[in-house]
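Chains as they are written, first to last, in the working numbering: chain A, 1 to 287; chain B, 288 to 478; chain C, 479 to 740.
Keep in mind the hints are simulated off the structure, nothing from the lab.
Restricting the straight-line Cα-Cα distance to at most 27 Å, the calculated cross-link-like pairs of lysine-lysine (BS3-like) are:
#	chain 1	residue 1	chain 2	residue 2
1	A	78	C	660
2	C	660	A	90
3	C	619	C	710
4	A	169	A	186
5	A	169	A	22
6	A	186	A	267
7	A	90	A	78
8	A	169	A	90
9	C	668	B	404
10	A	78	A	14
11	C	660	A	169
12	A	78	A	169
13	A	90	C	668
14	A	22	A	78
Just so we're clear, the structure is a prediction, and the values are computed from it rather than from any experiment.
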Amino acid sequence: MIPSTAQVMPRPGKMVSVRDLKFTYEGGVEALRGVNLDIHEGEMLAIVGGNGSGKTTFAKILNGLLRPPSGSVVVDGKNASSMTVAELAKTVGYAFQNPDHQLFSSTVEDEVRFGPRNLGYPEAEVARMAGQAMDAMRLGAIRGLPPLSLRLSDRRRISIASVIAMDPKVLILDEPTTGLDAAETKNLMESVSMLNREGRTIVLITHDMRLVAEYAHRVVVMSNGRVLLDSDVSGAFSDLALLRQSSLEPPPVTLLAHGLSDHGIPKDIISPQELALRLLMLRGERQ
Amino acid sequence: MSSGGEGEGGGSPAAPRNPAKFVSPKTVALYGILTALTTAVTMVLVVPFPPTRGFFNLGDAMVFFSALTFGMRAGAICGGIGSAIADVLLGFGYFAPITLVAKGSEGLVAGAIGRIKAGAPAAKLLGVAAGSLCMVSTYFFSEWVLYGIGPAIAEVPVNVAQVLIGGSIGILLSVPVSNLLRTAGRPHQER
Amino acid sequence: MTVFVDLYTDADTFLHRLDPRVKIVAVVLLSLLALIIGNLVHLLVLLAFVLLLLALGRATLSKTVFALKFVFRIMVMIVVLWPIFDPSGTPVLAELGPVKITEPAIWKGVAMAVRVCCLATVWYILMFTTSQRDLVRGLVKLGLRFDFGLALAIALRFIPTFGVTVESITDAQRARGLELDKGAPLRRSKNYVAVLVPTIVSALRTADMLSLALQSRAYGARPDRTYLRDLKMRWTDALALAVVVTIFAIPAIAKYLLDASL
Numbered sequence: 001m002i003p004s005t006a007q008v009m010p011r012p013g014k015m016v017s018v019r020d021l022k023f024t025y026e027g028g029v030e031a032l033r034g035v036n037l038d039i040h041e042g043e044m045l046a047i048v049g050g051n052g053s054g055k056t057t058f059a060k061i062l063n064g065l066l067r068p069p070s071g072s073v074v075v076d077g078k079n080a081s082s083m084t085v086a087e088l089a090k091t092v093g094y095a096f097q098n099p100d101h102q103l104f105s106s107t108v109e110d111e112v113r114f115g116p117r118n119l120g121y122p123e124a125e126v127a128r129m130a131g132q133a134m135d136a137m138r139l140g141a142i143r144g145l146p147p148l149s150l151r152l153s154d155r156r157r158i159s160i161a162s163v164i165a166m167d168p169k170v171l172i173l174d175e176p177t178t179g180l181d182a183a184e185t186k187n188l189m190e191s192v193s194m195l196n197r198e199g200r201t202i203v204l205i206t207h208d209m210r211l212v213a214e215y216a217h218r219v220v221v222m223s224n225g226r227v228l229l230d231s232d233v234s235g236a237f238s239d240l241a242l243l244r245q246s247s248l249e250p251p252p253v254t255l256l257a258h259g260l261s262d263h264g265i266p267k268d269i270i271s272p273q274e275l276a277l278r279l280l281m282l283r284g285e286r287q
Numbered sequence: 288m289s290s291g292g293e294g295e296g297g298g299s300p301a302a303p304r305n306p307a308k309f310v311s312p313k314t315v316a317l318y319g320i321l322t323a324l325t326t327a328v329t330m331v332l333v334v335p336f337p338p339t340r341g342f343f344n345l346g347d348a349m350v351f352f353s354a355l356t357f358g359m360r361a362g363a364i365c366g367g368i369g370s371a372i373a374d375v376l377l378g379f380g381y382f383a384p385i386t387l388v389a390k391g392s393e394g395l396v397a398g399a400i401g402r403i404k405a406g407a408p409a410a411k412l413l414g415v416a417a418g419s420l421c422m423v424s425t426y427f428f429s430e431w432v433l434y435g436i437g438p439a440i441a442e443v444p445v446n447v448a449q450v451l452i453g454g455s456i457g458i459l460l461s462v463p464v465s466n467l468l469r470t471a472g473r474p475h476q477e478r
Numbered sequence: 479m480t481v482f483v484d485l486y487t488d489a490d491t492f493l494h495r496l497d498p499r500v501k502i503v504a505v506v507l508l509s510l511l512a513l514i515i516g517n518l519v520h521l522l523v524l525l526a527f528v529l530l531l532l533a534l535g536r537a538t539l540s541k542t543v544f545a546l547k548f549v550f551r552i553m554v555m556i557v558v559l560w561p562i563f564d565p566s567g568t569p570v571l572a573e574l575g576p577v578k579i580t581e582p583a584i585w586k587g588v589a590m591a592v593r594v595c596c597l598a599t600v601w602y603i604l605m606f607t608t609s610q611r612d613l614v615r616g617l618v619k620l621g622l623r624f625d626f627g628l629a630l631a632i633a634l635r636f637i638p639t640f641g642v643t644v645e646s647i648t649d650a651q652r653a654r655g656l657e658l659d660k661g662a663p664l665r666r667s668k669n670y671v672a673v674l675v676p677t678i679v680s681a682l683r684t685a686d687m688l689s690l691a692l693q694s695r696a697y698g699a700r701p702d703r704t705y706l707r708d709l710k711m712r713w714t715d716a717l718a719l720a721v722v723v724t725i726f727a728i729p730a731i732a733k734y735l736l737d738a739s740l
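Same shape as in the complex, but just chain A:
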């Protein structure tokens, strides 16, 4: 599959605008040390970085779970610091890393309805929103089953559905593919891509660089509470030293391209197809 980078160009317009954001936890840990970042409407942005780089803190500030002492956060034209978490939930949805931290209902359908119900929508509207979310995450067949007895990949889909049921303009996914096998990952990410194509802004927090290579439009590398790099995907992968500084490793295909750079292979390759194409071209040139 050719990476989606070229296919879908994000529409202009700032969905999230963050300026000089700092955050220090109670124990004195400085999680964010001045972050500036714009997230555009309709893009799929990956935030990558080692453990403790500030990714999750950043995400929790975007949906109001943490209150920044300094800096400004504007979400969809509104100042996030003056909104409650529940108000922000209509704009920024956050699916936690561990789906089991969100699931408690006796059926999948009830679980997905929980969010819109909290936001005070009338029951008919709640049913419609939940129905759409379950369709988007392909949960129709299991809508009557108890979520907690289902497999991990299903639980993760339910937890994402329960967030998109509130119809947020921005969807933050925290490590959505941890613990999933290759097929489950592909299925899940296809559903997510579909949401993105329908116009939803997606923020993907992950360590998985292959996921980034395959699905993201733009990469933000965080390290030690700062944005180290903000670029398109292939640009991010061409700077090995910088990635390693952030405890990250590009996908194997990019490493291979780096190794072959003396032979005229560019360093910014992110998909096996692209590498194969380059190698074929190289052979053509030699002959």
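Assemble the complex: chain A is given as a structure, and chains B and C must be docked to it using the hints.
Okay, now just chains B and C, sitting in the frame of chain A:
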């Protein structure tokens, strides 16, 4: 997780040979975890309550939950010890023995009555009410001796409100978790 | 959250080195002593002794303040309420309808508050200077069944973990628009179900894994366990025990055998 979780040897046919006559590893793990959970919930989940500007903790919800779901033994041990540890860590160490009796009897009685007729709603209500009575009266008489009648009386409405909240949540909790234990056998394991 | 999940502070004082069994016995005896004596001056002496021990155990100020914060509120409540409910004694200082405020009752209230302060602080001699591992070991050596001791150790180990889990789950549900402190009492209780069910399920999963871990390490394989570090009473421990027993016994004998009023 044994759905009964009750008694020596855990009652599970799959339990390993146990020559030392200790309770089964399942029971040790379950009781340890339920105790920790009771302590953590008591310490972390405090409910602001506007009428009195006071705070209630949800520890009683865990005591009732343990008792109604896993039986009177779990209710007494985990509820009593878990709440007593919370007392120690919150700075009421001297109160821990009293709490051990108050919450232990609360769990014991709620578990003994609340699981009659496979935990029929009426049994649960009665069990929670009787357990609550044990807790409120134990604290009342202990505080009477320790603090005098004034503070003891002042504490009664606080404790009553606490068991009302804890009891209703405990019953609400026991239903979905019991269902989960019954239908799924156990929560799905990560593969 | 300013809650200490472990009150122990590492240091090398004689209280830290003392056998945990001796400390447990000392706390029980000193608590009983505080209950036996009712005289304000005697209680103040006992309180001074306990505070001296705390200082010798190098109790950190922040933990001591935290520990006494709640107790102080109760002490104030006792001092204020005791005279209102205790009409005994003379001289009567004030009378308002059925309420009679007398001077002895005021002093009695103060004495009761000091007693509660003694009872509260004496615990910290044990808690500040004994690690959880030593505490459990001491209890087992004092006769607590080994399997219950193990369950207790497991509980102590997982309290901080579950504290974090509860907070994380609360966040996860708030992100779904849950507002915990909104609505009528019953509605509010239901709100907490959304937090407690995931908490319980995740805890029970932990219990499952833990039980497998116990089995795989041959828990219960033989009744006569050996220990890597056994507790041994040294002469200093014996001496400390003797001192504490004496401190307890003299007032106790004076009160119950010699019928002195204390």
